[in-house]
Amino acid sequence: MKKRIKLKIADTIISLESDYTLEALTREEMRTQSPQRFKNFTYNGNAKPHIFIEVKVKKSLPVVKGLRNVFISYHPQDNRANWQLLKNGNMFYFRSLIKGKLQCMKINKRFNRVSAYLLPKKEKGFVWNYIDIIYDFLQVLLINYFALHRQGLFVHSIGVKDRDESGLLFAGKSGAGKSTTARIWHAHSGAMVLNDDRIILRKSNGFFSIYGSPWHGEFSDYLISRIESAALKKLFFIHHAPRNTVRPIGEREAFHNLYPTLFAPFWDKGLLKNAVAFSSDVIKRTACFSLGFVNNKRVIDFVRNI
Amino acid sequence: MKDDAIFSKNPDIVTRVIDEETILIPIYKTSQDINCIYTLNKSAAAVWGLINGRRSIGAIKKEVLKKFDTTPEALQKEMDELLKDLSEIKALRYEKKN
Chain A
1 MKKRIKLKIA DTIISLESDY TLEALTREEM RTQSPQRFKN FTYNGNAKPH
51 IFIEVKVKKS LPVVKGLRNV FISYHPQDNR ANWQLLKNGN MFYFRSLIKG
101 KLQCMKINKR FNRVSAYLLP KKEKGFVWNY IDIIYDFLQV LLINYFALHR
151 QGLFVHSIGV KDRDESGLLF AGKSGAGKST TARIWHAHSG AMVLNDDRII
201 LRKSNGFFSI YGSPWHGEFS DYLISRIESA ALKKLFFIHH APRNTVRPIG
251 EREAFHNLYP TLFAPFWDKG LLKNAVAFSS DVIKRTACFS LGFVNNKRVI
301 DFVRNI
Chain B
1 MKDDAIFSKN PDIVTRVIDE ETILIPIYKT SQDINCIYTL NKSAAAVWGL
51 INGRRSIGAI KKEVLKKFDT TPEALQKEMD ELLKDLSEIK ALRYEKKN
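In order, the protein sequence lines correspond to chains A and B.
Residues 1 to 306, numbered by this note's numbering, are exactly what the first sequence covers, in order.
Residues 1 to 98, numbered by this note's numbering, are exactly what the second sequence covers, in order.
Honestly, the hints are just simulated from the structure, not real lab data.
Accuracy of the hints is not assured; some may be wrong.
Have a look at the derived ranges for each label pair, beta carbon to beta carbon [claimed, not checked]:
| no. | chain 1 | residue 1 | chain 2 | residue 2 | range |
| --- | --- | --- | --- | --- | --- |
| 1 | B | Y94 | A | H188 | 57 to 65 Å |
| 2 | A | V64 | B | T71 | 52 to 60 Å |
| 3 | A | K269 | B | T39 | 13 to 21 Å |
| 4 | A | N46 | B | S87 | 51 to 59 Å |
| 5 | A | E251 | B | D69 | 22 to 30 Å |
| 6 | B | A59 | A | A81 | 40 to 48 Å |
| 7 | A | G66 | B | D69 | 34 to 42 Å |
| 8 | A | H239 | B | D33 | 23 to 31 Å |
| 9 | B | K29 | A | K173 | 20 to 28 Å |
| 10 | B | F68 | A | A287 | 51 to 59 Å |
In this text the structure is predicted, and so the values were computed from the model without any measurement.
Glycine included, every Cβ here is placed at the ideal spot set by N, Cα and C.
Assemble the whole structure, with the sequences as input and the hints as a guide.
Rendered as structure tokens:
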């Protein structure tokens, strides 16, 4: 009998199905892999999935001839290859290159049907775990899927759903103060921090919303809130400063600030064009600010008074 | 750059105009390459818009001189720098002489 798990991430339902047994995690694995973090994203409703992933556990990964390299992602700290995207005709192939987590995914051109090939696990054999699919593959798949369908973007940012339900997005590159901002808002604001590292920005009926995602940063005290979303009201590009300062910025400056914070499909012209158009639309319709902040709770009222 | 030279654009570049500023965004093959986007001023954007793999630099100059208040000498200097810069970032490819 097939095992089926459904996930709902940013209103996108993903079905994972397999003939193979789901892995039972040991207590130590539960501690290190934090599966409860992802459980918030499991979906038990009856809506039709947008994306179907069939998981197969095989002795060896499929060898496909004639593949053309599309993109290789390297780990920013140790420069080791993380994953690779390849293409053959209309089909994309994703390969995880991490030792101990080798996998290969065959993806159709609409990015909504996937055959996922995993290797057996040491001592456990032919079992699978949806956490293996979420990191890193599902993120890459959704980046492509949202770009193709012009529906969304991943932004390196913190999303906050404030007490009045409005969505505040604090974007910035590493070191800009995202984790600090998440800690301040989580501890002192009474608002809900959706995620401290990767927020999904989507457009629906002409309005933009921010969504929590399973891909977190350093801060993880708000697991329960990550499935939430909020209508985007203000977009801040943050940096540390000796005092709290804010400056409204125009479209040009906003784009130059936003683009480096995107997890965009940098590998494909058509998809990148869609992602850039989406970004341009966001900054055109959203109040954007440059925000310098001091590491204390006074920034909360400062932001709310803008 | 001589007037009979012809350039074509690298097809792997996304062009977007945001608030009257033309931005060139290259696609990348590895995460280590992702670093830059490039902006063009108005006259540079006009030159970029006229490059098509068939039109000569001389023909482009004539078109740009009609639209902008500049001298042929000043435009020549600006275009030489622009073509050099765009070639360096592989946004342009030298095709041939007319």
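Quick rundown of the hints versus the structure:
1. The given range of 57 to 65 Å is respected by Y94(B) and H188(A), whose C-beta atoms sit roughly 59 Å from each other.
2. For V64(A) paired with T71(B), a C-beta distance near 58 Å keeps the hint of 52 to 60 Å intact.
3. Between K269(A) and T39(B) the beta carbons are some 19 Å apart, a value that agrees with the proposed interval 13 to 21 Å.
4. In this structure the hint that N46(A) and S87(B) lie 51 to 59 Å apart at CB holds, the actual value being about 57 Å.
5. A beta carbon spacing of about 26 Å between E251(A) and D69(B) agrees with the range 22 to 30 Å that was offered as a hint.
6. Taken as a hint, the range 40 to 48 Å holds for the pair A59(B) and A81(A), whose Cβ atoms sit roughly 46 Å apart.
7. G66(A) and D69(B) have their C-beta atoms about 54 Å apart, which leaves the hinted 34 to 42 Å range violated.
8. Take H239(A) and D33(B): their Cβ atoms lie about 25 Å apart, and the range 23 to 31 Å holds.
9. The hint said 20 to 28 Å for the Cβ distance between K29(B) and K173(A), and at roughly 22 Å that hint holds.
10. Roughly 34 Å separates the CB atoms of F68(B) and A287(A), a value that falls outside the hinted 51 to 59 Å.
Hints 7 and 10 from the earlier list are contradicted by this structure; the remaining hints agree with it.
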